[in-house]
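Throw the hints in and build the complete structure from the sequences for me.
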Amino acid sequence: ATGRFTFTSGTFNAPNYNVYYTGTNGTSHNTVNIATTQTQGTPNTTSHIGTYGDCGTALATRTSAGKYGFTLTHRSAYLCFLPRTTNATGTGWVLTSIKVTSDNNIAGNYTLTPTGLTGTGSSNTITLGISNFDITNAATDQARNASYMVIAPGTHTLTVEYTVKNTNTGNTGTIVKHLDAKDYHANTLYPVTAHLFEDYSNTKYYLWDAQEDMWFGKTAIDYNTGKYNTDDAPKWLPLPPSNPQPDATRLPHFTAPNVPGWTFLHGYGNTFQYATQSAKDCPNVWELAWYYDKGDVRWDDATVFAFRGKFYRGGVWIKKQKVIADENSTTVAALKNTYPGVQNDPESLIHPDAGGGLGPQKPIGHGIPSATEIKKYFYLPALGEYREGGGLYHASTGILTSLGIKGFYTCSSAYCLTSTSIGYQWTFDFDNTTLYLNSGNTIWAGNPLWKAK
Numbered sequence: 043a044t045g046r047f048t049f050t051s052g053t054f055n056a057p058n059y060n061v062y063y064t065g066t067n068g069t070s071h072n073t074v075n076i077a078t079t080q081t082q083g084t085p086n087t088t089s090h091i092g093t094y095g096d097c098g099t100a101l102a103t104r105t106s107a108g109k110y111g112f113t114l115t116h117r118s119a120y121l122c123f124l125p126r127t128t129n130a131t132g133t134g135w136v137l138t139s140i141k142v143t144s145d146n147n148i149a150g151n152y153t154l155t156p157t158g159l160t161g162t163g164s165s166n167t168i169t170l171g172i173s174n175f176d177i178t179n180a181a182t183d184q185a186r187n188a189s190y191m192v193i194a195p196g197t198h199t200l201t202v203e204y205t206v207k208n209t210n211t212g213n214t215g216t217i218v219k220h221l222d223a224k225d226y227h228a229n230t231l232y233p234v235t236a237h238l239f240e241d242y243s244n245t246k247y248y249l250w251d252a253q254e255d256m257w258f259g260k261t262a263i264d265y266n267t268g269k270y271n272t273d274d275a276p277k278w279l280p281l282p283p284s285n286p287q288p289d290a291t292r293l294p295h296f297t298a299p300n301v302p303g304w305t306f307l308h309g310y311g312n313t314f315q316y317a318t319q320s321a322k323d324c325p326n327v328w329e330l331a332w333y334y335d336k337g338d339v340r341w342d343d344a345t346v347f348a349f350r351g352k353f354y355r356g357g358v359w360i361k362k363q364k365v366i367a368d369e370n371s372t373t374v375a376a377l378k379n380t381y382p383g384v385q386n387d388p389e390s391l392i393h394p395d396a397g398g399g400l401g402p403q404k405p406i407g408h409g410i411p412s413a414t415e416i417k418k419y420f421y422l423p424a425l426g427e428y429r430e431g432g433g434l435y436h437a438s439t440g441i442l443t444s445l446g447i448k449g450f451y452t453c454s455s456a457y458c459l460t461s462t463s464i465g466y467q468w469t470f471d472f473d474n475t476t477l478y479l480n481s482g483n484t485i486w487a488g489n490p491l492w493k494a495k
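Taking the numbering used here, I'd label the letters of the sequence shown as residues 43 to 495.
Quick caveat, the hints were computed from the structure, so don't treat them as lab data. Each hint should be verified, as a subset may be incorrect.
What the hints assert, rightly or not - DMTMM-like mimics (lysine to aspartate or glutamate), calculated; alpha carbons at most 25 Å apart, straight line:
(1) K448 - D473
(2) K322 - D255
(3) K246 - E389
Stated by the list, open to error - Ranges between beta-carbon positions, derived for each pair:
(4) K246 - V218: 26 to 32 Å
(5) A181 - Y232: 16 to 22 Å
(6) G399 - Q319: 25 to 31 Å
(7) T199 - T93: 24 to 30 Å
(8) A344 - K404: 21 to 27 Å
(9) T138 - G108: 50 to 56 Å
(10) H220 - N58: 41 to 47 Å
(11) G111 - K417: 47 to 53 Å
(12) G311 - E415: 17 to 23 Å
(13) F112 - T66: 15 to 21 Å
(14) T261 - L400: 32 to 38 Å
(15) G108 - T199: 47 to 53 Å
Using N, Cα and C, we set each Cβ at its ideal position, and we do this for glycine too.
In structure tokens form, the structure reads like this:
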């Protein structure tokens, strides 16, 4: 950018003069105030920074025409925040403020010299107020939500708090990100990209391997909390599964085929069944056993996820199958077909009678994997379940339980599918204390689907 300036008084004949630009809130020719409260009204604009601490210096040099020319060097540092989310299109999430806290001062009054800012400042926090910038973009989108902040140069370790609001529900929440120590140079703009959260509002809950989700075609009493009318839950009639059922597409898959090759006897017969409909791509019982035993499953109560206009914290990190296979000298394909050990032993991880008929359980680990290890893991949020019950021949009470507290994930393997009133599936369950390979979850529980990673 260029500009013209007119000196209205005085005589200027020297070959050079120092030029000081202190922004619009400087209190003297060389005093700069980097504001602790800054505001930006429009995405991807820097028109506000002159008010909040943008400053610069230059050496004006006299030309042969008697005029002076100079190029301004900015003496503050600048942050450009570029937030994004996952699966949030149409969910109404917007950004309302960004608060930055440093391990040392980044705001306050500074003295502007020809070589830069001097002084120690007086505040280690700056809050940037933002006018509801849309953050439902899955990829970085500068035009949509780029937000600019002025800070003092120097080496800082920054903590960034993004406060967001859901325009549909009015709920607010804050996501905290920690940045490593960095030397922020004057006259430099630093992009700060951040994935804020994943939105799981579109999650559907299925009875085991049903063709449709359990609330297909039904209207929620309270969509945001997942509450439905009990009378709208899938209903079954006390008839053999070969007879017509009024809610057939929402009912469990009673006639799923048997897994071939089973020879051992367990407490419910000598056959297992495998999914061919909604649960066909979910991990099978062998894969669950590998995740349970070798997946280094860790509870994480810090990572935020969104569900229908509200934030929740609670989920697990699990090692990916390729990592498990490599660490155990096997292949990903083998994880889907075998599990080490005597499988017809009631204490085997995959035996329906293990753990007294409820499956094995053990204390869960805690903490997010390190930055160098996290690519070896994937995240599962605690999305709760619709429990069995709700009256005669109803599959559910219509109340979503344990959201953000416990996870219950469907398996593609089941057993004891002998009538419309009996049947069990394995589920991969977890909370903040315990990991379960649950063999006692009925096919009437409404659980989210997932895929092996």
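Outcome of the hint check:
no., hint, result
1, K448 - D473, "holds (5 Å)"
2, K322 - D255, "holds (14 Å)"
3, K246 - E389, "violated (33 Å)"
4, K246 - V218: 26 to 32 Å, "holds (30 Å)"
5, A181 - Y232: 16 to 22 Å, "holds (19 Å)"
6, G399 - Q319: 25 to 31 Å, "holds (26 Å)"
7, T199 - T93: 24 to 30 Å, "holds (27 Å)"
8, A344 - K404: 21 to 27 Å, "holds (22 Å)"
9, T138 - G108: 50 to 56 Å, "holds (52 Å)"
10, H220 - N58: 41 to 47 Å, "holds (45 Å)"
11, G111 - K417: 47 to 53 Å, "holds (52 Å)"
12, G311 - E415: 17 to 23 Å, "violated (42 Å)"
13, F112 - T66: 15 to 21 Å, "holds (19 Å)"
14, T261 - L400: 32 to 38 Å, "holds (35 Å)"
15, G108 - T199: 47 to 53 Å, "holds (50 Å)"
Consistency note: the structure conflicts with the earlier hints numbered 3, 12.
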